[in-house]
Amino acid sequence: MKRFIVMTMIFVLFFLSMIMFYEPKDYQGETASRYNMFFAPQILYWGSRGEDVKNVQWQLVKWKYLIGKVDGVFGADTYRAVRRFQSKNGLKVDGVVGPSTAAALGITLSGRKAPASAQGINRKGDEYLLARTIHSEARGEPYLGKVAVGAVVLNRVRSPIFPNTIGGVVYQPLAFTAVADGQINLTPAKDSIKAARDALNGWDPTYGCLYYWNPATSTSKWIWSRKVTLKIGKHWFGI
Amino acid sequence: MNDDRKRWWIAPSILALALILAVGWGYGEYRNKNQLGIALENHYQRLFFDIKKHVENVQVNLSKALVSQSRDQNVLLLSQIMNEAYFAQDKLGQMPVTHAETSKTEKFLNQVADYSFELIKSHLDGKALTKEQRKALGNLRGNSATFNEELAKLQSELADRDFMMSSLNKRQSKKVREGNEKILMTSIGSVEQNMAETPELIYDGPFSDQMINRKPVGLSGGNVSKEQAKMAAKRFFGEKRVNKITSFEEGKNAADMRIPAHTFNIEPANASKELAVYIGVTRQGGKVLWMANSRPVSKANISIDQAQDKALKFLKNKGFDNMEPNYYLKSDNTVLFNFAAKEKDVTIYPDLVKVKVALDNGEAVGFDASSYYLNHRGDRNIEKAKITSKEARSKIRTNYDINSIRLALIPKGKEEVLCYEFKGKYEGSDYIIYINALDGKEEQILQLIKDDNGTLTF
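Residue numbers (my numbering), protein chains in the order written: chain A, 1 to 239; chain B, 1 to 458.
A couple of the hints might just be wrong.
In silico DSSO-like cross-links for lysine-lysine, where the CA-CA straight-line distance does not exceed 30 Å [what the hints assert, rightly or not]:
no. : chain 1 : residue 1 : chain 2 : residue 2
1   : B       : K316      : B       : K344
2   : B       : K384      : A       : K231
3   : A       : K124      : B       : K91
4   : B       : K414      : B       : K384
5   : B       : K91       : A       : K221
6   : B       : K252      : A       : K231
7   : B       : K423      : B       : K386
8   : B       : K386      : A       : K221
Think of the hints as simulated: they come from the structure by calculation, not from any bench.
Keep in mind that this is a model prediction, so the values were computed, not measured.
Looking at chain A on its own, in the form it has when it is part of the complex:
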C-alpha cells in the first residue's frame, strides 16, 4: 500500500516536472527552416550552369571525387561526384548542392551578384506572408477560395480604409482570427504558396472585395451590413 503511494507520488512529480520543463515546439524555428526549403536562394542541380558549378567542380576534382573536366555544366559525372561527396561526409545524399553541401565543400554560392541598387529586392517576403495568411485562414477551402482570401488582403492594401502594407493588413488587431490565435505561424502548404503567387500576380476572383466571413462561425453582426457579392467555398465575400 505504502509502496503504491510512493509510486503515485513519483508519477505525480514526474508529470509535474514534465509540465514545468515542457517547452512548446518552436514553430517559429520550423517555419524558418521551411522558408529556406521553399525559397532557398541558390541551389545547384543537374542542368545548372555557371561559375558556381565551376567552383563546385574545382573542389570535387581537388578532393578526387570527380575525374573529368571543369566545364561549369552540372552533368551526370558531377551529379555522381556530388552524391559520393555527400555520402562520405554524412550529408543528405540527393545530388543537389544546397547551402549545407556548399558549406561542406567550403564554397559560398554567389548566384548572380546583384548591384547595390537591386540587392535584396524581391517578392519572397510578400509571397510567404500572404501564403501563411491564406494557409491559416482558408486551408480547408477550394483553390479559388484560397486565392480569394489572398486577393482580399491585397485589395485591403490598396484601399484607403485599411493599412497600406501586407504586413499591416495581416497583423491589424482584431482583423483575422487565425492571426490572433497564432495559426498564422503554421507552415503553409504548397497550394497556399501557389495561391499567394496567383493573388500577387493580379488574379482577383472576388472582383474587389474587402471582406469575407464564414456564416457558420462569424459572430459579428456588423459584417452582415456589408454589400454581399459572392460565395466561394464556405466564405461569403463582400465590399
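With the hints as your guide, set chain B onto chain A.
Same frame as chain A, now just chain B:
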C-alpha cells in the same frame, strides 16, 4: 511494520516538494504574464500618444499651407502633411480597435496624405492652388481638428481613469472591459460620424474615391443572362472538354463588384473532381474576364519561347489581335506572360492581358483581362509625338545605357500619357525611363529586377 514506520515521511515530503515546485512555476508564469502585459500596454500607449502628435502636426501644417502664399513653402508643408498623415494612419491601424470603428478615420488620413501628394505634383508643374483645392484643404483641416479634439478628450479621460488599452484584449471582469471598450470605441466612433459629413475629395490619386469606384470602360452592350454567360464560359474553355459547369452563389449586391461578373466552376472531362477550372464572365457584354485552371504542372517540357508562341496563339484565338508580350514570371512550372496591346507602333500598357502557360503541354492554364476591360477604349485617339526621340533622349542622364526606345501609352491617374520608353541600364541595374512625348517631362521611372524566373517591376 518496521519498514513502514521508517518511510512514513517519504510521501508527504514528495508532495511538499511538488507543491513548492508548482508554486514556483506558477509565480514565474504570473510574472511573465505581467511583463508581457506591460510591454503590450506600453506599446499601445506609445501608439496613442504618437497618433495624437501626428494629427496635431497635420492640423498645424494644413493651417500653415492655407496661410502661405509661396509655392515652394507649400511643397515643403504638403510633404510634411503627407508624412504625418501616413504615420498617424499606420499607427491607428495597429490600435486594438475594430476596423468598423476606424475605417472612416483611416480613409481620411490616407486621403489627406494622398491628396497632399497630388497637390505637390501640381505645384511642381507650376500650378497654384485653385479655389476648390483651398476649400478642400480647409475641409481637411476641419476634419483633423475634430479628430484632434476627440483625441485630446480621450487622452484626458484615459489619464483620469488609469485606463489600460491592453485590457481590451484581456479576459477581465466583463464590466470593466465593456466600460473600457466603450471609452475607446465611442470616442473614436464619434470621430467616425463626423468624418461622414465631409464632401468627397476630387483628385486623381490611388486612394481617391474616383479611382476606387472606377467603372470598366472596355465593356459595351447590354447585360447578358446567367445562362448566356455560362455558354460563353463553355465556349471559351471548349465545349467538348466541359464535363459539368456550375455557378457560384451570388449575394444580393453582386452588381456592386468592381467589374460585375458571373463566376463558374468547370469540371473538365477526364480529370479528377478537385482539379476545377474557374472562369469569370462579365455581366455587361458577356466577355470572359478571367480563367484559371488549378491543375498542378509537374514537368517542364517546352521552353519559354515556345510557351510564348502558345500564349500568342491562344490570344489570337480568343480575339485579341495585336498583342505584344512584355515580361514573364516563371513559377511552379508555369509561365505568366504580360501582353500589352499595340496600336500604330505604340505600346498601350493599360490594355494589359495576362496569360499563364503550363510548361508540360503548352496549354493556357490562366487568363486575366481585368485590366484590359477596365481601360480599353475603342475610340482611343493617340496623339502624335511632338518631340523627337532624340530630343527626349537629351532629357535623360548621358551615361544611362539605352537598349531600346519606343513609344508607349502609360497610365497616369485616370489619364493616359504618350511617352518615349527608354529601356536601359544604369550602374548595373535595369530601368525603364518614360519621357513625355508631348512636352519632354520625365513621367516615370521603373526599376526592373531580373532573375532566372523572370522580371519584376518596381
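We went through each hint and held it up to the structure:
For the proposed pair K316 (chain B) and K344 (chain B), the alpha carbon gap of about 18 Å is at most 30 Å, so the pair holds. About 47 Å separates the Cα atoms of K384 (chain B) and K231 (chain A), which puts this hinted pair outside 30 Å; it is violated. Of the supplied pair hints, the one linking K124 (chain A) and K91 (chain B) holds, its CA atoms being roughly 25 Å apart against a limit of 30 Å. A distance of roughly 20 Å separates the Cα atoms of K414 (chain B) and K384 (chain B); the hinted pair therefore holds under the 30 Å criterion.
Between K91 (chain B) and K221 (chain A) the alpha-carbon distance is near 26 Å, which keeps this suggested pair within the 30 Å criterion. The suggested pairing of K252 (chain B) with K231 (chain A) holds, with an alpha-carbon distance near 11 Å, which does not exceed 30 Å. Simply put, K423 (chain B) and K386 (chain B) have alpha-carbon atoms about 20 Å apart, close enough for the 30 Å limit, and the pair holds. Restraint check: the Cα-Cα separation between K386 (chain B) and K221 (chain A) comes to about 58 Å, which exceeds 30 Å; the hinted pair is violated.
When held up to the earlier numbered hints, the structure conflicts with 2 and 8 and fits the remainder.
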